[in-house]
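Visitor: Sequence:
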Amino acid sequence: MTARKKPKVYITRKLPDAVETRMRELFEAELNIDDVPRSPEQLLAAVKTADVLVPTVTDRIDSALIEAAGPQLKLIASFSNGVDHIDVDAAARRGITVTNTPNVLTEDTADMTMVLIFAVLRRLIEGSRVLTEDPGSWAGWSPTWMLGRRIGGKRIGIVGMGRIGTAVARRAKAFGLSIHYHNRKRVNPATEEELEATYWDSLDQMLARVDIVSVNCPSTPATFHLLSARRLALMQPSSIIVNTARGDIIDEAALIQLLKDGRIAGAGLDVFSNEPLVNPKLLKLAQEGKAVLLPHMGSATVEGRIDMGDKVIINIRTFFDGHRPPNRVLPSRL
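Under the UniProt record's numbering, the first residue of the sequence shown is numbered 1, with each subsequent residue one higher.
Across the chosen pairs, the derived CB separations fall in these ranges: (1) TRP145 / GLN42: 51 to 61 angstroms; (2) ARG186 / ALA233: 22 to 32 angstroms; (3) ASP84 / ARG186: 20 to 30 angstroms; (4) GLY136 / LYS185: 47 to 57 angstroms; (5) LYS48 / ALA208: 51 to 61 angstroms.
Pairs of lysine-lysine, DSS-like flavour, derived with a Cα cap of 30 angstroms: (6) LYS5 / LYS48; (7) LYS154 / LYS281; (8) LYS281 / LYS260; (9) LYS185 / LYS173; (10) LYS74 / LYS5; (11) LYS74 / LYS14; (12) LYS154 / LYS284; (13) LYS6 / LYS74; (14) LYS260 / LYS284.
It is worth saying that the hints were derived from the structure and are not from the lab.
Where is the CB? At the ideal position from N, CA and C, for every residue including glycine.
When you get a sec, could you build the whole thing from the sequences and use the hints?
Guide: Structure (structure tokens):
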């Protein structure tokens, strides 16, 4: 009796050691030890030979790449929650299953959303720079120096009340914020009652009435520039916006102009339109204390990354055991 052949798995980025070790035990896994992003040519070579592709959000798995894949490629098991980097419809047409890693990043991303809210309103980065960039310049406590704004009592407007948006709402309520949200549909009454949340079917109406806007919806064609120049202009001059979702949900150029003109009070951004490039104008605004910028760290915890890897492994094993993987992503059309 011969052992079943292990599937050939191509992993595009460095994963936590514990995940990679398990991958090597279970599969014929090709790792990326140096964590250098794979080139289009390397990805093309991989899909011609691998049974499973394990990409991340930094890899563009478009229709051209999928059409060029060999017949042996049967699964794209993405190490990510979102799948906007994969043409899921093109994969379906080729009979290739796509999976993701949902529900493991919720708490980490919600934590980071709150971190950014505090960092912007309480001017945490500016305060830290006084001590680290100009040692000895601090003259001591002063009644009117480095004043931020209180968190409690403010209204937060959550754009996208899914798992992450709901987790943000629970944290925000604990800090004394009033919860408002816009979603494609209302959350269930029990959740709404628990959070004492106000639902707005009109995003425009909500934006004009809240102090903090938190972007927590997925990136889809329908949400591209959902926060457009027109909508951003509806925000109050004293309000701030925080984005831990995807950069293309906000019209970045319009946001930059509003911040420059002082028409909104600040922004906390963990994601950008052209990652890993960051608009130099945003960097300048950050130096001026008008924005807090982080390098896509929302889900960056050891626990979160290992949980993601475990889901990838489960999806691969389930698929090659002849069952439907638990985190299959369905195409929008065939």
